[in-house]
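Starting from the known structure of chain A, arrange chains B, C and D on it as the hints suggest.
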Amino acid sequence: MSVWLLAPLQASVALLLAPGLIGAIRWMKARLQNRRGSPVWQPYLELRKLFAKEVVVSSNASWLFHAAPFIVFGSTVTVTLLVPLLAVPLPFAGAGDLLVVVYLLLLGTFFLALAGLDPGSPFGGMGASREMTVAALAEPTMALAIFALAWGAGSTDLGQIASRILTIPSEALAPGHVLAFAAIFLVTLAETGRLPVDNPGTHLELTMIHEAMVLEYSGRYLALIEWAASLKLLVFFTLLANLFVPWGVAAALTPGALLWSVLTLALKLLALGGAVAVVETHIAKLRLFRVPELLSASFILALLAVTASFLLR
Amino acid sequence: MVSGYAAGAAAALVFGTGALARWASALGAIVGAAAGVALAAGAWVWGAAFVLEAPGLLGPAGGMAFSLDGLGAVFLGLTSLIAAPSALYGAGYSRTWDGRPALRQVGFMLNVFLLTMSLVPLADGALTFLLFWEGMSLSSYFLVLTEADGPDVVEAGQWYLAMTQIGLACLLGAFLLIQSGGPGSFASLRAAAAELPAGTRDAVFALALVGFGGKAGLIPLHVWLPRAHPAAPSHVSALMSGAMIKMGVYGLLRVGLDVLGGGPAWWGALVIGLGALSAVLGILYALTEDDIKRLLAYSSVENIGVIMLGVGAAFLFKSLGMPQAGALALAAALFHAVNHAAFKGLLFLGAGAVLHATGTRDMNHLGGLIRGMPWTAALFLVGSVAIAGLPPLNGFVSEWLLFQSLLPGIGVPSPLVAVLMVLALGMLALTAGLAAACFVKAFGITFLAIPRSPEALAAHEAAWSMRVGMVALAGACLALSVGASVILPLLSAVAVPLVGPAAPAPVFNVGVTLRTPEGFARMSPLLVAAGLGLVVLATWLAVRLFGSRRPLRVGETWGCGRVVQTPRMEYTSTAFAEPLRRIFAAFYRPSEDVSIDFHPESRYFVQSISYRSAIEPWFERYLYAPVIARVRLWSERVLALQSGSVHAYLTYLVAVLVLLLGWLAVTGRR
Amino acid sequence: MSPQLVSQLSVGGSTLVLLAGLMMLWRRGVNAHIGAFTAQSVALAATTAMVGWFTGDWQLWAVAVLLLLVKAVGIPILLKRMARRFGTERELEPYVNTATSLLLGGLLVLLAYVVTGPLVSVSQLPTRTGMPLAMGLVFVSLLVIISRKKALTQVLGFLMLENGIALLAVLGTHGIPIIVEIGVFLDVALGFMVMQVFVYQIHETFESIDVEQLNRLRE
Amino acid sequence: MSAPFLTLLLPPLLAAAGALVLPPRWRGSWALHAALALVSLLAALRLASLVLDGWTPTWGPTDLFRVDALSALLAACVAFVAALAALLGPRLGGEQHYTPPQVRRFRVFAALFAFTMLVAVTANNVGVMWIAIEATTIASAVIVPLTVSKASVEASWKYILIGSVGIALAFVGTVLAYFDFVTLVGQRDYALNWTVLLANAPVLHQPVIELAFVFLLIGYGTKAGIAPMHTWLPDAHSEAPAALSAMMSGVLLAVALYAIVRWRAVVAAAVGPAFPSRLLVGLGLLSLGIAALSLVIQRQYKRLLAYSSIEHTGLMCVGLALGPLGVFATMLHLINHTLAKSMMFFLSGRILDRYGTPEIGRVSGLLRVMPLTAGLFATGMITLLGLPPFGMFLSKFTLLRAGFAGGQGWLMAAVLGFLAVAFVSLLGHLHRMLYGAAPAGVRQGESDCWAVLPLAVCVVALVVLGLIVPAPVTALLDRIVEIAGR
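Protein sequences, first through last, are from chains A, B, C and D.
Residue numbering for the first sequence follows the numbering used here, starting at 1 and increasing by one per position.
Residue numbering for the second sequence follows the numbering used here, starting at 1 and increasing by one per position.
Residue numbering for the third sequence follows the numbering used here, starting at 1 and increasing by one per position.
Residue numbering for the fourth sequence follows the numbering used here, starting at 1 and increasing by one per position.
Some hints could be false.
To be verified - Here are the simulated BS3-like pairs of lysine-lysine, each with C-alpha atoms no more than 27 Å apart in a straight line:
hint, chain 1, residue 1, chain 2, residue 2
1, C, Lys149, D, Lys150
2, C, Lys80, C, Lys149
3, C, Lys80, D, Lys150
As the list claims (entries may be wrong) - If you only want the chain C side, here are some residues facing chain D, beta carbon under 7 Å, derived:
hint, residue
4, Ile165
5, Ile182
6, Gly183
7, Leu190
8, Phe198
9, Ser208
10, Arg216
None of these hints come from the bench; they were simulated from the model.
Note that CB positions come from ideal geometry on N, CA and C, so glycine has one too.
Bound conformation, chain A alone:
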């Protein structure tokens, strides 16, 4: 199999798995809350329905409103090309490192916020404002956590970070590593609109962040945005899974190894999804103005992670 086919393969795997991940989390959450829950494949059905539906656009919206879903979706898909989903090293590793991943995701958020402002809805503005606030505050944690990893691995390159743990397994339990994991986990909750920062299931406008921003979207645009959101969650989970616990990632590009890698990835994602489901079941949503406290806690974790990684070297 040609090396260059890996990229589209990765993207397709990610695209296919992402809605399922959302469905799985929802299902697990429902079970934990003693509900039956919708089936795991429900998100796929929703996407299909949305793609088929008519699009209603606000009379105030400009071209940006139409372009934003494509940019959001496109930037997230581009990220899946860079993240070591299935194998290391990736053919495109030279194109971008972990920072590029973070900033590509921020690009999506940027346009989504703009699109939220575009129709002139007060909810869109509110969502955009809050989303950007959370994104801005999550940024330092993310960066420091990345540098904690990078300092250990001697590179911000995703592949190298993963390979290092594979070669020196004991590093996986190094304090810097663990702390960085915790920090990124908290950031994941914030960045992907999970509880306790945002409630993905809410339908009360005033408490919404992400949902408020995309309130005006419908039809295929909404489908793209929802899909991109699930993809983003998947990317974060993949980072958590394959950078911190990289076992199972294919080191050689044989069909068997890749298949094994897909399977382990799915398992790891399920485990992380389960963790999120547990967290979401046990924790209520925070007030918006207490979110910074959570994020500063994660920042401290990241700071400790960096400090630990260079003090204990």
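Same frame as chain A, now just chains B, C and D:
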């Protein structure tokens, strides 16, 4: 170059106050800028030395001398890069002043400004440097005062020139401490600096930092910047923000790294600290601004802070004996300086177009301009993405490089430095995040949604010359991103000799990929841009091909069931920044004032609510105001001497006579 | 004439000149002031003539005659005319009262001794012994100008200052070159005239020659 | 060598005589006045060129008059400002405010004033120099109250009293120096000649010379506007007619400073430069500080300019103490100050004429009311602020360079601090005057533009001095440094 600008200046004076004068002076400036680019490229890319000595000028002070090395060429190139589009833009923008003497003033001073600013990096010698430095300040001061009737404009000019002057006093001290006799050329300064005692070197550096930091707008010396930049005509703001404040960076590099050759680690640490402070506070101030040009001005403070992080890291790494890391940091800082020139220039030009079309800079009165001014909106969006440091544009590349260049600092043996570096990295990341939020606000509130005032509704697209100027800069933003792997090797060639005698150059040009030293990280702006473009295009095609074919339906925006959507229901600029204002309340110390008018009949019917909120101007209140008050107090005391009584006056005279005679009597017997 | 005698005579002359100056501090009436000044000028002229006799220098004789004519005759006439014009306004409340003034005057003479110490030690001239007194007069005149409120008194103080300097020159150097001396005389005369004009103007515009009223120009 | 002296010194006397007899309203009398002043200026320039050719013209018995480089420079400055005053006096654009007798009085005494200053700077004999400087007080004090008011009478009384007392102290100093000379060498007619004093300086007694210099510095310092003897200066400058203010601020202070420079050279030769430097730095810094702080909340623009003169005098005093380069810078600064400050005072007269008020707070919108005047005023102010491309930038820079070269870093820091205070204050006041809405009742539009044109000469000269400093000027300054810079 000189003749181009001179011709432009003369044209502005000669051709009256009509379209001809506008175009003639712009043409002069463009010719001058083109020559500047050629000169810079000659010295920089092909290493052609440029030396010109004019001992006849300013003979008594050692004569003038010019030469251009790589560092100067970067800044000359940066200036010229933004000068031509701004001048072109100015030709359309200045139509406001047709038939008024102000046009003559703008045309003339703009050319003088560009000329003196271009000669600053060419100057080879303390006096020549300071002369053009002051020329640059003075001409831009006149440009700031173009619309002196506007509110706060004169005050802005006052602050600006006053701060400049305090800076100049420091610079004079710095240069003269290095060498007070002799030819004064940078080569001789370098030789003299090598023999200075450590204390003097520290003093020189501190003075240079204050002098150049003030010009660059480093917090807490930034107070003039958010006043002066908005007050100036927009293409001048673009030049001031894009190019002029960079001269502060240039000066610091020239004196600190070139002439002094670097110093102890605390120099770098200090610069990093101030840079981080400026970056974070700058963007925090920008976030709460409602005036779009002030927002951009504060964002310049932020970006200068970001550049200074790189500069400081270069100082630090040099003193720690890590020349390669230093070269990388310096190259990143230089690259960010060039990038900032491109996108901040673009943004100021865009803001100018908005101001031109609507007559207001208050974002709470704007909105919906994307329909009336599609070009301006699209170009402003490009600038916003670039300045927010998002791929695939140039701001991202330089921020990425800065991150990478600060990273080696974590590994230095001194824990203090390492902690500082970690904090700097965190601040840089926070800045980047806040910048994204800030420019969502700047673009979103200004250009999107429903117009908030009749002026915004009636806005028209900018003149073609203005648009061409903006397009050129937007193109530069993209070119600087995808061409980074071509430009960065050149920048590192400039940086390497500055940070150490034998610094190996950071490897940059692996095809289209950037690679930092020792393979620490790789990134290809071109591939990222291409990949992003391809994926977005593919998505669009896929949706087009496979998605629903049902036509769009236009409906009202959802307003909780309310039928009519009015601009008053929209999120405003103030509202957008509210969460951050609350989160950083400890810093902003916002004062809020809500006054509610009730219906006279019943308290349950509200007639109007007015909300006013202001953030506390810390630096003005706690740093500048006490000094000003103290000086005024002393002034009153001194003026009390002039009491009007001739007897008192004569008493002073006799008293000083008696005192001096007494002094002689006591000490005179030697 | 023996140097000792010259020395004693110059001290005596200087003492007279200085005493006339101290009179200004003691007395309050305008006419008394003018009288003191006239006496002082005569004493100065006499001292100058004495030194001229001692050195045999015709220039000093000429200076003595000039002094007598201008300062002992001409200026007092003009001063008296002014005094008549303004009535006999008295220095009622000087800034410094008489007792303190005299005390200060004494201190200033002491200061003059300290200050002129090096002069006396350097010079070989027999007349040098009077120099501290001349310098004392300079200081006392300054005190008069500072502490007295009437414009006319200040003019008198200034004229005495000139006398003090003239005495200093005669005693210390036996006279400065005649051309300079004449120029100085011209200046003194012109200066006095102009001051006189101003005193009249002050009287016209302020209806008093009390300088205390001149405090309109202040910050 | 009498011709150049006569063509320098006679015209002012002739002009005074002419003004006395000719009807003041007649244009011919104005033209004659101005032409004579120009002749004097040409003679001064001729003397300067002679000096540059290596001559040192002397004239009169026992070389009473002598022109070296320092004299030539000052003579040229004096003659230049006197010519401007003759062309533009007594009040630029506002002659109609004066009655013919007043104009006559002004012309007579302005010419005499110029004459006395020219004598002061060309006299070799320090006694004659003293006489001339004392006479400047008399000649100028007469026309300070050209229109009699309480304020102008008060100002002139203060001026003449303080000025006379001060200058009398300078005579004490002169006598003391002469005394020392006579004690050593015996009586000589030429003993008061500066050249002779300088030649014999090394043998003079240190305590006596130091004593003399204290008196001389305080005496001439009073006229030069050195604090704390400066108190007469703001009053006199603000009440005098514009042209007289220009002459006083532009050159009278410089002439007094000239006397200090001459004596400083003698004293430095006698007891070494440290002693005079210490005094000059102390008083110079005091002047600089008091002037800078007085500028901050100043309310009247003519007083503002007066305090600015004190500031620059202080700066020049400090400069004199900074060795040869400092003297060079000081002299360059003196030229610049003469050009800029005289122009500013002429313009202030014009502003006063239009607005009818000396208050800064009530002058606004100057740019709109009188664009040309405002432009020149702003240019002058920018010069005084020490910004390029005008000459003061260069002279200040050179002065600071001299200071740092002399290892006086802290002194220069203090100087820079005071300069910054002055800068900010002056700039603020300038802004207040230039911008804003013009007060009601003030006529808009420039009148008598031609009258302002001669002032453009000042601007051109300032720019030239700021960028190239012509070789003759440099040569002249170098000579001055040789003469008085040790």
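Verification of the supplied hints:
Of the pairs offered as hints, the one joining lysine 149(C) and lysine 150(D) holds, with about 17 Å between alpha carbons and a cut-off of 27 Å not exceeded. Between lysine 80(C) and lysine 149(C), the direct Cα distance comes to roughly 18 Å. Compliance with the 27 Å bound is thereby established for this hinted pair. With a C-alpha separation of about 25 Å, the suggested pair lysine 80(C) and lysine 150(D) falls inside the 27 Å cut-off, and the hint holds. Taking 7 Å as the C-beta cut-off, the interface hint given for isoleucine 165(C) holds, the closest approach to chain D being about 5 Å.
The restraint placing isoleucine 182(C) at the interface with chain D is violated, with a minimum CB-CB distance near 9 Å, outside the 7 Å limit. Checking glycine 183(C) against chain D by beta carbon gives a least distance of about 4 Å; that is within 7 Å, so the hint holds. The beta carbon of leucine 190(C) is positioned within 7 Å of a beta carbon in chain D (closest approach about 5 Å), and the interface hint is therefore held. For the restraint placing phenylalanine 198(C) at the interface with chain D, the shortest Cβ-Cβ distance is roughly 5 Å, inside the 7 Å limit, so the hint holds.
Hint status for serine 208(C): violated, given a least beta-carbon distance of 12 Å to chain D, over 7 Å. Hint status for arginine 216(C) relative to chain D: holds, with the closest Cβ pair at about 6 Å, below 7 Å.
When the structure is compared with the earlier hints, violations turn up for hints 5, 9 and for no others.
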